[in-house]
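Position chain B relative to chain A; hints supplied.
Number of protein chains: 2
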Amino acid sequence: MNYSNLNGTKAFKALAKLTPFDVKSKLTASRISHAAISAGGGLTYNYGAMPIDDSHIETFVELAQEQQLIEKYTALISGEIMNIGEQRLVLHHLTRGKLLGNHQLIYADGEEKGAFYHEQLARIEAFSAAVRNGKIKGSTGKNITKVVQIGIGGSDLGPRALYLALKGYCVELSTDILEARFISNVDPDDPTEILEDLDFESTLFIIVSKSGTTQETLTNQEFVIKAMNAKQIKGLVAAKHIVAVTSKTSPLASSSNVLDAFFIDDYIGGRYSSTSAVGGVVLSLAYGFDIFKRFLAGAHDADLHALQPDVLNNAAMMDALIGVYLRNVLHLPSTAVLPYSQALSRFPAHLQQLDMESNGKQVNRFGKPVDYGTGPVIFGEPGTNGQHSFYQLLHQGTDTIPLQFIGFIKSQRLNDVETDGSTSQKKLVANLIAQIVAFACGRDHENANKRFLGNRYSSLLWANRLEPETLGALLAHYENKVMFQGFLWNLNSFDQEGVQLGKVLANKVLAGGESDEALKAFIRMLS
Amino acid sequence: MNYSNLNGTKAFKALAKLTPFDVKSKLTASRISHAAISAGGGLTYNYGAMPIDDSHIETFVELAQEQQLIEKYTALISGEIMNIGEQRLVLHHLTRGKLLGNHQLIYADGEEKGAFYHEQLARIEAFSAAVRNGKIKGSTGKNITKVVQIGIGGSDLGPRALYLALKGYCVELSTDILEARFISNVDPDDPTEILEDLDFESTLFIIVSKSGTTQETLTNQEFVIKAMNAKQIKGLVAAKHIVAVTSKTSPLASSSNVLDAFFIDDYIGGRYSSTSAVGGVVLSLAYGFDIFKRFLAGAHDADLHALQPDVLNNAAMMDALIGVYLRNVLHLPSTAVLPYSQALSRFPAHLQQLDMESNGKQVNRFGKPVDYGTGPVIFGEPGTNGQHSFYQLLHQGTDTIPLQFIGFIKSQRLNDVETDGSTSQKKLVANLIAQIVAFACGRDHENANKRFLGNRYSSLLWANRLEPETLGALLAHYENKVMFQGFLWNLNSFDQEGVQLGKVLANKVLAGGESDEALKAFIRMLS
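Sequences listed follow chains A and B, in order. Mapping the first sequence onto my numbering, position 253 (from 1) lands on 253, and the numbers just tick up by one. Heads up: take any position in the second sequence, counting from 1, add 1000, and you land on my numbering.
So that you can see chain A by itself, here it is in the shape it has in the complex (with noise of 0.2 Å):
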């Protein structure tokens, strides 16, 4: 495989040399027709308002080969070593479906990992069956009515925000829902207002750390466990209201301390879980594993659409390029993501980690510096709440941020009021075209203040609903647009050096600072 810095292909030369397309006086019906990729899941990407015409595509093709990329995505889902800074395979595409086809086997840990997969996904399937059917009940014998997970990054914000986009949903179909709690930050407040007037009884609490030594998880666990205890509840045994998702060689997998362990692995990166036993237990547990199910078979479409050469039909491919073009020849350091959906409020959160942990990096993938921009800031709020919020800076502001917006036809409860001739869905839809074309073609106007320049970029995924399917394909999307990027700035995505040495600072102020002066200075002041 040829690994080359983004700067030193022939492909990146060329397209910086390209002028951006101006969306502003161009931004015609059949543009925007035309500039359509099916994403997968009944999900669609359009890059009609974004500054690129023929020209910068053909260079996409050519980039995208200097750069490999698909062969890199094919080595990457059979098994090949992609994570080279901690020598592990890269799988959490496995945990949704086989995409080289079902013979396919990956070996690594003396077992079939497509096989180890499809059997955390039946027990988990099992498991949450029989919570949700009233078989595996409370150690008081009361049924199980909530979940509390209890995790940090990868396993929080990933889990968190799929399952209050998948709420409406399951309300609207009267699932039977087991409603879902999360506990993550070490900060004593969290536990203690989740806790506070929960019924324990009736709760199982899913503890989620896959090296099972994460000291906020721990500490949380040991919060919950303790004051389960200080409630001195007859008959009550803490240790069969919590469940593990860790790994098989962890501590926390042969605890007496959990009524079941379920199993994920060290190729499975934190902000790749969501797949996973991560995301699977407490959604399966909350909506059903049909639900589940679903949302995997959306995200196993998604990774097949990004598999296909051409970049015209690879919408994360496509919207991976586009994003260089933007960071690298036209120096915009953040991205803006902008779901019209209230379901979605937390997912821009859980992008933020997916981005931006997995390629804020200032070395290569072979440990060199790189000389050239990698990762964005990436930020965001529900529309139409931004609009009323940082949207001036967006429309006005002295720097230019893409956008990336989403939204969906229908709404997702499906209930609605018509006031002054149309239903709020319509509206909320109307917001979205307005702002696109808004932030694409501006306003002229004679007063300075309230002109508009116009070509402020922006793409849209769109799809009918939001739906088990869609949301998996979402997620998979920002995933593979993300691998790509990674490789096309030649990193190594699935690593996160950058979060050691605050790991290693904090124990040195837990024991007193050492010598270091600094360190000491602070804990005087904070003490």
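Take the hints with a grain of salt, since some may be wrong.
Claimed, not checked - Listed next, the in silico BS3-like pairs over lysine-lysine satisfying Cα-Cα at most 25 Å (straight line):
{"id": "1", "chain 1": "A", "residue 1": "K146", "chain 2": "B", "residue 2": "K1146"}
{"id": "2", "chain 1": "B", "residue 1": "K1503", "chain 2": "A", "residue 2": "K450"}
{"id": "3", "chain 1": "B", "residue 1": "K1503", "chain 2": "A", "residue 2": "K426"}
{"id": "4", "chain 1": "A", "residue 1": "K503", "chain 2": "A", "residue 2": "K368"}
{"id": "5", "chain 1": "B", "residue 1": "K1293", "chain 2": "A", "residue 2": "K226"}
{"id": "6", "chain 1": "B", "residue 1": "K1146", "chain 2": "A", "residue 2": "K426"}
{"id": "7", "chain 1": "A", "residue 1": "K503", "chain 2": "B", "residue 2": "K1026"}
{"id": "8", "chain 1": "A", "residue 1": "K98", "chain 2": "A", "residue 2": "K72"}
{"id": "9", "chain 1": "B", "residue 1": "K1240", "chain 2": "B", "residue 2": "K1146"}
{"id": "10", "chain 1": "B", "residue 1": "K1024", "chain 2": "B", "residue 2": "K1503"}
{"id": "11", "chain 1": "B", "residue 1": "K1098", "chain 2": "B", "residue 2": "K1248"}
{"id": "12", "chain 1": "A", "residue 1": "K146", "chain 2": "A", "residue 2": "K240"}
{"id": "13", "chain 1": "B", "residue 1": "K1508", "chain 2": "A", "residue 2": "K450"}
{"id": "14", "chain 1": "B", "residue 1": "K1368", "chain 2": "A", "residue 2": "K450"}
{"id": "15", "chain 1": "B", "residue 1": "K1226", "chain 2": "A", "residue 2": "K503"}
{"id": "16", "chain 1": "B", "residue 1": "K1234", "chain 2": "B", "residue 2": "K1142"}
{"id": "17", "chain 1": "B", "residue 1": "K1520", "chain 2": "A", "residue 2": "K503"}
{"id": "18", "chain 1": "B", "residue 1": "K1248", "chain 2": "A", "residue 2": "K520"}
{"id": "19", "chain 1": "A", "residue 1": "K26", "chain 2": "B", "residue 2": "K1293"}
{"id": "20", "chain 1": "A", "residue 1": "K146", "chain 2": "A", "residue 2": "K24"}
{"id": "21", "chain 1": "A", "residue 1": "K520", "chain 2": "B", "residue 2": "K1024"}
{"id": "22", "chain 1": "B", "residue 1": "K1410", "chain 2": "B", "residue 2": "K1293"}
{"id": "23", "chain 1": "A", "residue 1": "K508", "chain 2": "B", "residue 2": "K1410"}
{"id": "24", "chain 1": "A", "residue 1": "K410", "chain 2": "B", "residue 2": "K1503"}
{"id": "25", "chain 1": "A", "residue 1": "K508", "chain 2": "B", "residue 2": "K1450"}
{"id": "26", "chain 1": "A", "residue 1": "K24", "chain 2": "B", "residue 2": "K1368"}
{"id": "27", "chain 1": "A", "residue 1": "K503", "chain 2": "B", "residue 2": "K1508"}
{"id": "28", "chain 1": "A", "residue 1": "K135", "chain 2": "A", "residue 2": "K146"}
{"id": "29", "chain 1": "A", "residue 1": "K234", "chain 2": "A", "residue 2": "K142"}
{"id": "30", "chain 1": "A", "residue 1": "K426", "chain 2": "B", "residue 2": "K1226"}
{"id": "31", "chain 1": "A", "residue 1": "K368", "chain 2": "B", "residue 2": "K1146"}
{"id": "32", "chain 1": "B", "residue 1": "K1508", "chain 2": "A", "residue 2": "K26"}
{"id": "33", "chain 1": "A", "residue 1": "K113", "chain 2": "A", "residue 2": "K26"}
{"id": "34", "chain 1": "A", "residue 1": "K146", "chain 2": "A", "residue 2": "K231"}
{"id": "35", "chain 1": "A", "residue 1": "K520", "chain 2": "B", "residue 2": "K1146"}
{"id": "36", "chain 1": "B", "residue 1": "K1503", "chain 2": "A", "residue 2": "K26"}
{"id": "37", "chain 1": "A", "residue 1": "K450", "chain 2": "A", "residue 2": "K26"}
{"id": "38", "chain 1": "B", "residue 1": "K1508", "chain 2": "A", "residue 2": "K410"}
{"id": "39", "chain 1": "B", "residue 1": "K1503", "chain 2": "A", "residue 2": "K24"}
No wet-lab data here; the hints were simulated from the structure.
What follows is chain B alone, placed relative to chain A:
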């Protein structure tokens, strides 16, 4: 008054020539303890880990004088028309007290504004007490136990963030709490979810819209009224369950559909309205007027501190000047806000509006384009959650992102457990300290992938505990910082013309797109 663009000042030219202070090698204990300024309300601002030394501060003093920061702040609180585009006074400081002495009077709209805000406060006190003690009941005779605020932007983000930020304190005090919820988005899924399990008979709705014409808010008011009427509850009268917060001249003020109305005016911008009736009604209902009064007292204290002419005694001004150095000399286009307190989970979302809507402008206060960066992108999530998410990029990404840490010695709820020899709160603070030092000092390593370059700049706002006064000071500190930055950049921080075009086009979309080809193409696609 002298209104110059930033780069037209002598002091800025001098500032641009200064070398950044090398935090990495010079973060001494003495520097840390001396770089502290009281910000009011028990809050302290520390800039030890920012790249400035005495030479920068000398230039800051000159820049503050050239741009007449204190004179402009004084003019603003004296009732001059500082919102020049809309020809309006800017009076949010007055909602929390008189800064120029009790004798000072400000007349507008035929009334004295200090008396007007005071009268509204007295009405809020009486009304909230009557609801909380059961003198005012729901229309079917039930006590009110829940409040739902319907508003968007400044009528939502600030009040919501503050409600969450005060909850733990009030729980710990054993205050009676009327639970509050918030409906903001025009997405019908938002009201549908909030209304799902609501007991209308014991709920009071607060409709918040200064103009009384906000599309989202009026739509959601209708949504709620229709849902209430659809229940066909005997004796239930929707109008008896709704109060308005609006201006005296708005259609809402005289509506027969509300139980009562509390007033604001044109001199309180949405993003500055948390200390007016916009935040006052909901917070006083939820936690009692005394808590809200203490919150106002903290904000007033911070406002007084911001009047100090000496930058070494003025935390908001120092924060503003450092921000301009980072933005316009070091060219750093975004800033992360990182509160080490779960109670502040939505505070960054409020700051996003406050800062990005105020200073995300490309023209100066006279409507002339500026040729320097103005308001940065603001984003953030609570620590330690963020550490397991986007901190990878903050530590090892290719761009430097300035950081604003917020922390407290004690937890808010004062409930904790000890594990591995330390409480959760100790671990939280240890992580905060560790991060400041890790970002500032970095770590050398022979493996570049494990290397931290350091000189990633941060400030810290800290207090003993997050109490109502602290929160008020925190809010006002940022408002005053943003105000000073607006003066430095020569902007009008108090209008938001950038939100207008989207509103116009959304109506055009609802009317079918008229002759706009791009709008019509998107309408066809999304229907």
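Between K1226 (chain B) and K503 (chain A), does the CA-CA distance stay at or below 25 Å? Answer violated: K1226 (chain B) to K503 (chain A) is near 53 Å, above 25 Å.
Would the pair K503 (chain A) and K1026 (chain B) pass a check requiring their Cα atoms to be no farther apart than 25 Å? holds (22 Å)
So if I understand the rule, the pair passes when the alpha-carbon distance is 25 Å or less; does K503 (chain A) with K1508 (chain B) pass? Between K503 (chain A) and K1508 (chain B) the Cα gap is close to 53 Å, so the pair fails against 25 Å, i.e. violated.
Does K503 (chain A) lie within 25 Å of K1520 (chain B) when you go C-alpha to C-alpha? The given pair, whose Cα atoms are some 53 Å apart, is violated under the 25 Å limit.
Assess, step by step, whether the Cα of K368 (chain A) is no farther than 25 Å from the Cα of K1146 (chain B), and give holds or violated. With a Cα-Cα distance of about 58 Å, the restraint between K368 (chain A) and K1146 (chain B) is violated, given a limit of 25 Å.
Does K24 (chain A) lie within 25 Å of K1503 (chain B) when you go C-alpha to C-alpha? Distance ~19 Å between K1503 (chain B) and K24 (chain A) Cα, so the pair holds.
Would you check the hint for K26 (chain A) and K1293 (chain B), treating anything up to 25 Å between C-alpha atoms as holding? violated (55 Å)
K450 (chain A) paired with K26 (chain A) [C-alpha distance capped at 25 Å]: Holds, at roughly 22 Å.
Take a quick look at whether K508 (chain A) and K1410 (chain B) sit within 25 Å of each other, Cα to Cα. Given pair K508 (chain A), K1410 (chain B) holds - Cα atoms ~20 Å apart, limit 25 Å.
For a C-alpha distance cap of 25 Å, please report whether K520 (chain A) and K1024 (chain B) respect it. holds (16 Å)
Just to be careful, I want the Cα atoms of K410 (chain A) and K1503 (chain B) compared with a cutoff of 25 Å; is the pair within it? holds (21 Å)
K520 (chain A) and K1146 (chain B) were given as a pair; does the straight-line alpha-carbon distance stay at or below 25 Å? The given pair, whose Cα atoms are some 46 Å apart, is violated under the 25 Å limit.
Checked against the numbered hints given earlier, the structure breaks hints 5, 6, 10, 15, 17, 18, 19, 20, 27, 31, 33 and 35 and satisfies all the rest.
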